[in-house]
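One-letter residues, chain by chain:
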Amino acid sequence: MIIIKGIGASPGISIGKAYVLEDEEIVVTRTEIPRERLRTEVARFKAAQKATHRDLDAAEARVLKLLGKKHAKLIDAHRLILRDTLITHDVPKRIMGEGVNAEFALSEALEAVNQQFEKLEDEFFRERRHDLFDVGKRLLAHLLKHTRRSLADIDHPCILISRNLLPSDTINLQESRILGFATDLGGKTSHTAILAQSLEIPAVVGLSDVSRRVKTGDAVILDGEQGLVIISPTAEALAKYEKAQAAEHEAERALESLKGLPAVTLDDKRFRLQVNLDTPEEMKAVLALQSDGIGLFRTEYLFMNRPAAPPEEEQAKAYAGVVKAMSPHSVVIRTADIGGDRLTQMGLEGPKNETNPFMGLRGVRLFLRHLDLFKTQLRAILRATAKGDVKIMVPMVSAVAEVQAVRRLLNQAMAELEAEGVAVPRNVELGIMVEIPSAAVLLDAFVPHCDFFSVGTNDLIQYTLAVDRVNEHVSHLYDPFHPAVLRLIHNVVTVAHRGGKWVSVCGEMTSDPHAVPLLVGLGCDCLSISPRMFLRVKETVRGLRHSVMARLVAKAVTCSDSEEIRRLMREQGL
Amino acid sequence: MIKKALTITPKLGMHARPAGLFVREACRFRSEIFLSKDGNEVNGKSVMQLMLLAAEHGAKVVLRVSGPDEADAMAALEKLFARKFDEE
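So the sequences go chain by chain: W and L.
314 is the number that this note's numbering gives to position 314 of the first sequence; each next residue is one higher, with no gaps.
One rule links them: number in this note's numbering = place in the second sequence (from 1) + 1000.
In isolation and in its complexed conformation, chain L is listed as follows (with noise of 0.2 Å):
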């Protein structure tokens, strides 16, 4: 399992479509992927429940993954992370 705490980098934060975009990107995995915020954790693979997390512009996140492939989509999700989430 893997740990690593990142910030939110959408200007309007998790909303539908960076959402979309984590959840495009996490499926492409096979280990389990989950998202928490002040506690709160959620499944990566999951829309809705990424969009419940509520995590705001500059919100601190913790990205938690665990399974045979587990580095490969770490890497490539804080990837996500790091280009913005193709935002500009």
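For reference, chain W alone in the conformation it holds in the complex (with noise of 0.2 Å):
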């Protein structure tokens, strides 16, 4: 037994036969092409460019079907790097300066961006030049009419090993009977460990010399969590991965099992847990969870890349459509958050360059000084409460004015659809995010202006503790734990139940199930999760008992620092 310690990529066990795909190192041979047919010789690479623009083209199409818009950007970059004036320029020039066949002129130039790419001291970005290999390599591969051996042929389930594994590779692993790979080279953030992850195919990279250790056929454990590769493991080490990949799956079983059961507590408190929704393209996604619902629309994508505002009639039909999917089950719909950048982009008067647009105009403050992009967006809402349950919530708001204007458009609003006979419920919830810290605060004024409240811990959070999340000097300072921001849920929660209202929470802190039982124990009525969360967090919910978490939540917001929550939840066990 040999045991290989990598990297992590992916996590998840995988136990099977290895296949090595071998090294398609490609050999390169420099020969000298004859002056009058340099010519020639440009124009076989410029034929090899256009086949590969065609590669790409079929990878972004597949990259969309399999893993959504944000993947498709990066064969995007690829094609960029095609058009780049690396190969565009610098690989003709080096054939007719060096009289040189084409395919040494881009492998002499290839080299020469990896040097500089060597010399980078920031391993991100030294991994960057993957994306210019994997162009390279399918260049080289039309130039020499070698057709890349694809993954595709892998006929039978096996662990696949290699030297490397270029992205475009990793696109067809799913299609192909991998059950996890491992690569000598590669690191956590290369888009191959990230595909991965998607794909959820454990992998482990960075084992250096694992594709020359392994020969096709061997048995081999692969171990995505510890980043370890098991060569012919002991009967001993197979029992016991054997063992941890049986439970890893019955977990997901179980999980499965839970779709469709209500998320009650072991005392027979009964919660509404419900999806967060980025984008509609997620629905088949979500219905598949069978929520109690959509706590969290979020509609700003509609606002996205585009150079004018969304007309009323396409949002109309977005949001008809995810209401209707989710009838009878209720979908909670938040005006756009969009920041005053967003404003110039779509043609409008904006504010240049905000110092800090976390704290500037967006929101509900955007929207109040744009009233027609604001009752635009609340008569396409509207209209969709003929296809099922609506509630309209609004985010960034500060004072019981800003719900008071709401209020007053909404029913503007109303009142104009009703003079154009479109009929529309006058009692559709409206109520506000709890994100901005004088809102927490203050509940008890905004109780007689608002049906519900939703918490946003993310914002709540980096507010209150005046956190920039994602600067590294401080992002150590965000706390979900932090006794001020539980006293301020805490404080939602009972004004407003006070008021007869009810609560729910989005956020991250919803999909993270050690903070889930703090958030049973302070009695939110609805929590909104991220989807690929959601069962792990019914599960958690499902285990606990509310009155024991409700004990611990008095004490909680008692403490003064999370360490002590910390500890009175390891107490509990949890």
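These are calculated hints, taken from the structure and not from any lab test.
Ideal Cβ positions, reconstructed from N, Cα and C, are used throughout, including at glycine.
Hints should not be assumed to be uniformly reliable.
[What the hints assert, rightly or not] With a straight-line Cα cutoff of 30 Å, these simulated DSS-like cross-link-like pairs (lysine-lysine) come out:
no.	chain 1	residue 1	chain 2	residue 2
1	W	K69	L	K1011
2	L	K1003	W	K352
3	L	K1037	W	K352
4	L	K1011	W	K352
5	W	K69	L	K1079
6	L	K1003	W	K69
7	L	K1079	W	K73
[Said to hold, decoys possible] If you only want the chain L side, here are some residues facing chain W, beta carbon under 8 Å, derived:
no.	residue
8	T1009
9	A1016
10	G1020
11	R1030
12	L1052
13	A1054
[To be verified] Distance windows between CB atoms, simulated:
no.	chain 1	residue 1	chain 2	residue 2	range
14	L	D1069	W	E256	27 to 33 Å
15	W	E256	L	K1003	56 to 62 Å
16	W	E564	L	A1059	37 to 43 Å
Assemble the dimeric complex from its two separately framed chains, guided by the hints.
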């Protein structure tokens, strides 16, 4: 048995036979080309470029289908690499200037850039060179008329071992029957690693020489969590990992079996568990979870990357689609939380370069300055009420006057629609995001004006603790367990309940199984969770006793630091 | 010629995707476009060179634009920075 330690790139355990994808170290030889044939050589290179563009189109279509728009942007970046002067200009120049074959000119040009990448100190940026190699290899393959052995040829389940795996290879993994993969090269932030995580394929990278130590057919265990590859495991190790793998599968099955079951605690307290929705593209996955509805439908996507604001008709259609699919469960539509920078992009007057956009013109503040935009969205949302249970939520509220202004505008939109002959229920619930500390502290003043409250934990934490989470110098201070945060949420729940209003929590805290017991203890009526974590949170809720958690929270709100709260939780075995 | 000091806004710095967006925008203009960090200047129309700049989140860079449509080019690229390379 040999154990090799690498970097765990994508969690999970796979056990199986190795399939070693031999390193396609394509041998490029230098050939002198007679002067009169140099133009033909350049033309041959250009043809390879064209063929590679076609490859990328096909890859893009596949990624779009499998993984969505965000990952497809990577292929677009590859297309730009292919159009980079390094390829389009330097390579023909080398062919003509040095009188050499296209393959050699290309590999020299690639090597020159590779050496520049080697010099970078930052590992993340050094890893970016694999994007270049990916494009370079495709080009070389076309020049050499060398058909890259496709992973699709693999016809039995196996663990793939190779020197390196290009992002374009990785996207083929799901279709092929790969249990997991291990590579000599690569880091945790390489695209290959990120894609493996998205595809949920266990992977270990950075193993330096695994591809030489393993032979096709060898028994191999891949531990994506610990970053281990075990070659020819002993019966003992095999048994241990088979047990761990079975436990993993069992846990997955157990989660699956929770679908459709109510989110009740052991002592019969029922919670509404809902899902956060970023774009309607995710609806299929969301519906499969059989949740209690959508607690946060973010509508920002409609306002992104476009020269003008989205028209009412387009919005109405988008909302109606989601509401209808989710019916009879409710959908809380949040009016767009866009920032001032979006305005100029949509051809409107807006602030230039706000120094602190998080505290700038965004959310309800922006919409109350552009009532036309706001009313259009409210009308579109109201029109969706015909399809099911719709609630409206407004972000970034810091003062009661803002809610009153929204209420007036909402009434106006209702009256307009009625005048136009569109039937609209008068009792559409209107709530606010509680994410600014002023709203959490002054909740009693908001109660008469709102039908419900939704605590947005990410911003509430950031504003309460004055911590920018992406600022590495202070990110350690971002702490969901901070007693100040807990007290604020506690105040929101207590005061809202006293006024007969319900409280939802959205934001990352609801997707953290460690924080969920606190939210249960706080007595929040509804948790809105990211789809990926939905079943795991449901499992957590179903394993808790509300009475015990409520007592824990009663103690936690008197704590003076988060470490004390964590200790209280540990004492409860949480 | 116009010059402007800017701060890299994408969370992971100028990796392939934001660099790609920058190049797409830069190539719409006839002006020459350069981006520099720590005195190291690269061609803003080359995605490879932009990545080689290794400009991390928060890095201070200088955008230099020179040519017939330099004002428009500068405005367009500045906007890209302002809207954080559409990362939200």
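Status of the hints after comparison with the structure:
no. : hint                         : in the structure
1   : K69/W - K1011/L              : 18 Å, holds
2   : K1003/L - K352/W             : 18 Å, holds
3   : K1037/L - K352/W             : 24 Å, holds
4   : K1011/L - K352/W             : 21 Å, holds
5   : K69/W - K1079/L              : 22 Å, holds
6   : K1003/L - K69/W              : 34 Å, violated
7   : K1079/L - K73/W              : 19 Å, holds
8   : T1009                        : 10 Å, violated
9   : A1016                        : 4 Å, holds
10  : G1020                        : 4 Å, holds
11  : R1030                        : 16 Å, violated
12  : L1052                        : 5 Å, holds
13  : A1054                        : 4 Å, holds
14  : D1069/L - E256/W: 27 to 33 Å : 57 Å, violated
15  : E256/W - K1003/L: 56 to 62 Å : 58 Å, holds
16  : E564/W - A1059/L: 37 to 43 Å : 39 Å, holds
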